[in-house]
Structure formats: C-alpha cells, structure tokens
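S.K.: Could you put together the complete structure from these sequences and hints?
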Amino acid sequence: MADHPTNPTTSQAQTTGHVWDGDLQELNNPLPVWWTYTFYVTILFAVVYWVAYPSWPVGKGYLPGLNTITYKNAQGQDESWHWNTRSKLLLETQEAATAQKPYFDKLAALPYDMIAKDPELNSFVVSAGKTLFSDNCAACHQSGGQGKIGFFPNLTDDDWIYGGSYDKINETISNGRHGYMPPFSEALQANQIDDLANYVATLSALPADVAKAARGKEMFHSHVAACFYCHNDDAKGRKDMGSANLTDRVWLWADVPGASDAAGKVAAIRKVIGTGVNKGVMPVWKGRLSEQQIKLLTVYVHELGGGK
Amino acid sequence: MSFKHENIETNAGVLLVLTMMAISVGGLVEIAPLFFNKDTVEQVEGVRPYSPLESRGRDIYIREGCYLCHSQMIRPFRDEQLRYGHYSLAAESKYDHPFQWGSKRTGPDLARVGGKYSNEWHVQHLTQPKSMVPESVMPNYPWLQTTKLDVSDIGDRMRAQRITGVPYSANEAEYQRNVKQFGEAVAKTLHIPDSVKNLVAQAQEGNYDGDRTSVSEMDALVAYLQVLGTMVDFSKIKPEELVKFR
Numbered sequence: 001m002a003d004h005p006t007n008p009t010t011s012q013a014q015t016t017g018h019v020w021d022g023d024l025q026e027l028n029n030p031l032p033v034w035w036t037y038t039f040y041v042t043i044l045f046a047v048v049y050w051v052a053y054p055s056w057p058v059g060k061g062y063l064p065g066l067n068t069i070t071y072k073n074a075q076g077q078d079e080s081w082h083w084n085t086r087s088k089l090l091l092e093t094q095e096a097a098t099a100q101k102p103y104f105d106k107l108a109a110l111p112y113d114m115i116a117k118d119p120e121l122n123s124f125v126v127s128a129g130k131t132l133f134s135d136n137c138a139a140c141h142q143s144g145g146q147g148k149i150g151f152f153p154n155l156t157d158d159d160w161i162y163g164g165s166y167d168k169i170n171e172t173i174s175n176g177r178h179g180y181m182p183p184f185s186e187a188l189q190a191n192q193i194d195d196l197a198n199y200v201a202t203l204s205a206l207p208a209d210v211a212k213a214a215r216g217k218e219m220f221h222s223h224v225a226a227c228f229y230c231h232n233d234d235a236k237g238r239k240d241m242g243s244a245n246l247t248d249r250v251w252l253w254a255d256v257p258g259a260s261d262a263a264g265k266v267a268a269i270r271k272v273i274g275t276g277v278n279k280g281v282m283p284v285w286k287g288r289l290s291e292q293q294i295k296l297l298t299v300y301v302h303e304l305g306g307g308k
Numbered sequence: 001m002s003f004k005h006e007n008i009e010t011n012a013g014v015l016l017v018l019t020m021m022a023i024s025v026g027g028l029v030e031i032a033p034l035f036f037n038k039d040t041v042e043q044v045e046g047v048r049p050y051s052p053l054e055s056r057g058r059d060i061y062i063r064e065g066c067y068l069c070h071s072q073m074i075r076p077f078r079d080e081q082l083r084y085g086h087y088s089l090a091a092e093s094k095y096d097h098p099f100q101w102g103s104k105r106t107g108p109d110l111a112r113v114g115g116k117y118s119n120e121w122h123v124q125h126l127t128q129p130k131s132m133v134p135e136s137v138m139p140n141y142p143w144l145q146t147t148k149l150d151v152s153d154i155g156d157r158m159r160a161q162r163i164t165g166v167p168y169s170a171n172e173a174e175y176q177r178n179v180k181q182f183g184e185a186v187a188k189t190l191h192i193p194d195s196v197k198n199l200v201a202q203a204q205e206g207n208y209d210g211d212r213t214s215v216s217e218m219d220a221l222v223a224y225l226q227v228l229g230t231m232v233d234f235s236k237i238k239p240e241e242l243v244k245f246r
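So the sequence lines, in the order shown, correspond to chains A and B.
In terms of my numbering, the first sequence has 122 at position 122, counting the first letter as 1, and numbering is strictly consecutive.
In terms of my numbering, the second sequence has 189 at position 189, counting the first letter as 1, and numbering is strictly consecutive.
These are calculated hints, taken from the structure and not from any lab test.
Since the model is a prediction, treat every value here as computed from it, not as a measurement.
We put the beta carbon where it would ideally sit given N, CA and C, even for glycine.
Incorrect hints may have been included.
[Said to hold, decoys possible] Pairwise CB distance ranges, derived in the manner of DEER restraints:
no., chain 1, residue 1, chain 2, residue 2, range
1, A, N278, B, E45, 47 to 55 Å
2, B, F36, A, S123, 52 to 60 Å
3, A, W35, B, T10, 35 to 43 Å
4, A, C230, B, K236, 33 to 41 Å
5, B, E241, A, N29, 22 to 30 Å
6, A, W35, B, T19, 16 to 24 Å
7, A, K101, B, V47, 31 to 39 Å
8, A, W20, B, T19, 21 to 29 Å
M.R.: So this is what it looks like as structure tokens:
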C-alpha cells in the first residue's frame with residue numbers, strides 16, 4: 001500500500017489514487033488497530049462457542065457441545081442430555097415447580113374456605129392468580145373480571161349463572177360451559193314477544209306497559225311460551241342448566257343498562273327473546289391448565305367479589 | 001503474488017465468486033444438515049393436514065397479513081411456555097407450506113390459540129378487536145363475516161398443496177394410505193374429490209360464525225384458528241423425549 005500517493009492537503013493518509021472533479025480524493029486509511037483485533041477476537045470467540053455449545057453438523061448428527069443438563073425424567077430419576085434450549089427449559093420448569101411446591105401442596109391439601117384464611121397462601125393465590133387470569137381469562141371476562149354485556153358474564157358481582165360456590169366455579173373452569181336459549185321469533189308472534197319482554201322488565205322493576213306485562217306473565221307461566229321450564233316459576237333461573245335469574249337486575253345478554261329509556265330497555269329484552277342465546281360458550285380449561293392452576297384460579301375468581 | 005485484500009476488492013469477478021462461496025458455507029452448515037438429520041422433525045402422533053375449511057381459513061390468514069403481527073412459534077423459554085403453552089414442535093408445522101412461524105410479535109403468538117377462546121369471542125374480536133380487548137391495536141376485519149367464502153377452487157388449492165408433499169388424496173389408493181395413517185374420519189376430510197362437500201359440512205356443523213345460512217370467510221378463519229396447536233396431545237408425551245430431538 002505504500003506505493004499509493006498520500007493526500008497532500010490533509011495529512012499522511014493514503015489515497016486510492018482516484019481523483020474526481022480535480023480535487024476529490026478517496027482516502028485509503030487502514031482499519032484502526034482496535035477494530036482489527038476485536039474482529040480477530042470475535043473469530044476466536046466463535047471457535048470457543050462451537051466447542052461449548054451444539055453447533056457443527058457431523059454426519060447425521062451434530063456436535064453436542066460440552067455442557068450437559070441434568071433433569072428428572074417421568075419416573076423421577078436423574079437423566080442427562082447435552083445442553084439445548086429444550087433440556088434447559090425442562091430443568092428450569094422443574095426448578096420452578098420445586099420452588100412453588102410448598103405453596104401448591106398446601107393449596108391442594110387445604111379445603112377452599114381455609115385457603116382464604118391463610119394470609120401467606122392467599123397472597124400467593126392473588127399474585128399467581130392475577131397472572132393466570134390475565135393470560136387466560138381476561139380476553140373474555142376483561143382484566144378486572146367485569147365481563148362484557150352481550151358476551152361474557154361479570155365475575156365480580158354476586159350473580160352466578162352456574163353457581164358461585166368454589167366447586168361450581170371449579171367445574172365451570174375445568175369443563176367449560178355452553179349456554180343456550182332457543183330463539184322465539186318463529187314460535188311466537190312479534191306482539192307476544194313484546195308482551196313477554198314487558199313482563200320480564202317488570203321482574204326487574206323496570207317501567208313497562210302494565211297490560212302487556214300482564215299478558216306476558218300469563219304466557220311466561222303457561223305452555224304458550226313456557227319460559228318457566230328453564231327460568232322457573234319464580235323466574236330466578238336454574239343454576240344446574242345455566243338459565244338466567246331474571247329478577248336480580250343483573251343483565252348479561254340483553255343490553256338493558258346500555259339503553260337510555262324505558263322503551264329501549266324493553267327492546268333489548270325483546271331482542272334476546274327473539275334471537276335466543278347460542279353463544280354462551282366457556283372453553284374447556286382442563287388439559288390446558290393443570291388441576292393446581294385451576295384450583296388456584298377458582299380461589300382467585302371466588303375472591304374477585306362475588307363468590308358464594 | 002502475495003495476498004492482498006486489494007486484489008479482491010478491485011476485481012469484481014473474484015469478489016463475486018468469493019462472496020458466494022462465503023455465503024454458501026453458511027447455507028450448507030445451517031440448512032443442508034437439517035434435511036439429513038433424523039431428529040429435525042419429531043415423531044409425534046396427531047399431526048394431520050388441514051381440512052378444506054381450515055385450509056381456506058389459513059389462506060385468509062395469509063391474505064389479511066395476520067403473520068405481520070402474529071407469530072406461530074412458541075419458543076422453548078419458560079416465560080413463553082407460561083403464557084402460550086407448550087413450545088412448538090417442528091412436527092406441528094410439517095404440513096404448512098409456507099410455515100407461519102414468524103418473528104414479529106405486535107400481537108400475541110397464535111401457535112396454541114385453538115380452543116383457548118370461544119368461536120363467538122373470535123368473531124367479535126376479529127370484527128372489532130377493541131370491543132373485547134380495550135388496549136388492542138389490532139385493526140377491524142368486519143368484511144370477514146359478510147363475505148361469502150369462495151369454495152370453487154378448493155380442489156385446485158389442495159392439489160397444489162399435494163404437489164408440495166401434503167398428503168391430500170386424489171385417488172382411492174392415496175385415500176386408503178391416509179386411512180391407515182390418519183384414521184378414516186380424518187382421511188375423509190383429506191380427499192380432494194369430496195373437498196367442497198366436506199368444507200360446507202364442517203362449516204355447517206361447526207357454525208363458527210354463528211350463521212348457518214351461508215359459509216363466510218369468518219367461518220373458515222375461525223375454524224383455522226380453533227385448530228391451531230391442538231393436534232398433538234402433550235399429556236401422552238414425556239417431556240424428556242422431546243428434549244432428545246435437539
């Protein structure tokens with residue numbers, strides 16, 4: 001490189017000898033020494049890395065690296081395998097499970113009502129439950145468990161479609177639910193549905209047309225509409241089949257709170273009677289979540305406000 | 001002639017050849033061995049090609065660019081396992097052409113979204129995501145529900161996949177092979193001559209979009225989302241067996 005001319009106007013820097021526009025030159029400085037040696041060090045690092053970690057293919061396999069990871073196999077015996085992200089994850093999962101074991105063992109052993117009375121365990125349930133709830137439940141029931149009118153029930157009030165006891169909550173999470181109400185738009189005339197809607201409004205002390213409500217009441221309790229089959233004679237619903245309590249002023253399917261006037265509220269009820277409900281689906285969580293996690297979530301949901 | 005960097009840099013032909021050689025080493029070392037290594041794709045039960053309806057849903061997933069914000073690849077890290085479920089296996093995308101692994105996560109990973117939410121949630125969420133997840137930045141896809149699914153070319157689409165190696169059956173012999181490999185119920189859904197019939201039947205039966213009167217693009221997309229990550233039953237696999245595939 002020494003045979004190249006140096007830049008006469010600036011310094012001792014070499015140039016490539018190219019000149020544009022009379023005085024534009026291309027400098028040809030060597031790389032800084034620190035840069036060059038850092039580059040050599042990275043090559044050296046790569047060699048060390050190839051030896052230490054799984055890397056180069058050899059035949060039908062690959063170099064396994066120097067590190068091994070020892071985890072427990074399904075029989076509970078120690079087993080070793082070369083370092084890889086899967087063996088590392090398995091070990092980390094087992095270590096975390098060991099660290100949490102005292103809590104989960106206690107959780108599994110204690111009856112539900114005792115869990116809430118144990119301050120240490122309860123704080124574990126609240127913090128672990130919050131994460132589980134956010135990852136799995138919040139998309140439907142919303143982050144605070146307040147639900148979504150027209151779609152997913154509120155878990156913070158004390159109205160429970162399938163029951164708010166620990167066992168019932170556990171059952172709901174484990175096996176999922178599928179709520180169903182048949183559509184009445186074809187079985188009944190529009191004016192009959194209107195009568196029924198007015199009656200249902202009176203059950204929650206909403207303003208309604210008295211004459212219509214009287215006719216609706218007749219239909220509700222007779223075989224004309226036969227609402228009492230599922231909602232019961234007292235209109236309080238049946239938790240074994242998930243039929244709603246119509247008297248508690250808590251609304252899920254009919255957007256009564258969202259309607260601004262009395263007519264709108266009745267219309268919201270009318271709509272649900274006409275179309276029915278075929279979307280009250282809670283997924284099955286057994287299999288996706290462990291029994292321990294479901295028990296933990298049961299306590300968490302129970303404590304959201306409305307547990308019975 | 002002594003070695004000089006300058007000789008390479010000032011000779012475009014030599015630079016080209018040497019550059020290609022250097023890049024080829026990377027490809028040969030990182031990609032080629034995977035085709036010969038028997039551990040690349042895990043041997044697990046349950047993975048099957050998509051049914052015609054799911055396959056069309058996947059087409060819509062790609063058409064709408066869902067992969068631009070959603071990956072389908074749960075990496076073997078503890079935080080990912082806790083949030084999304086079991087890490088993804090190579091075997092689970094062996095019938096995906098092209099795979100939807102991705103690395104861009106503006107939204108959550110979808111590799112195991114199947115069965116996690118109800119159909120109604122998906123329909124509402126796809127139509128207006130913010131109504132279900134207030135902090136979401138996902139756009140609305142209202143046309144999925146109102147657009148009728150084009151089922152006319154499903155046979156051709158399956159034939160194209162068949163050329164890439166997906167075991168859709170075009171004749172009786174291939175059908176019988178599928179019966180052996182996947183069982184009769186699945187094999188029936190993979191039979192190309194019955195594809196339109198099977199597609200409509202699954203949409204009717206599943207009623208994914210809540211409207212049985214027609215097959216919409218929403219039906220297809222939700223059917224696809226609901227099958228993601230559900231084919232392998234991990235309760236039947238010991239974790240240490242999967243470790244040994246890497």
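S.K.: Now, for every hint given, state plainly whether the structure supports it.
M.R.: Okay, the hints, checked on the actual structure:
Between N278 (chain A) and E45 (chain B), the C-beta spacing of about 34 Å breaks the proposed range 47 to 55 Å. Between F36 (chain B) and S123 (chain A) the Cβ separation comes to about 53 Å, which falls inside the hinted range of 52 to 60 Å. A hinted range of 35 to 43 Å is violated for the C-beta pair W35 (chain A) and T10 (chain B), which are about 22 Å apart. Hint check: C230 (chain A) to K236 (chain B), Cβ distance near 39 Å, so the stated range 33 to 41 Å holds.
Between E241 (chain B) and N29 (chain A) the C-beta distance comes to about 57 Å, which lies outside the given range of 22 to 30 Å. The supplied range of 16 to 24 Å is met by W35 (chain A) and T19 (chain B), whose beta-carbon atoms lie about 21 Å from each other. Between K101 (chain A) and V47 (chain B) the Cβ separation comes to about 33 Å, which falls inside the hinted range of 31 to 39 Å. W20 (chain A) and T19 (chain B) have their C-beta atoms about 27 Å apart, which keeps the hinted 21 to 29 Å range intact.
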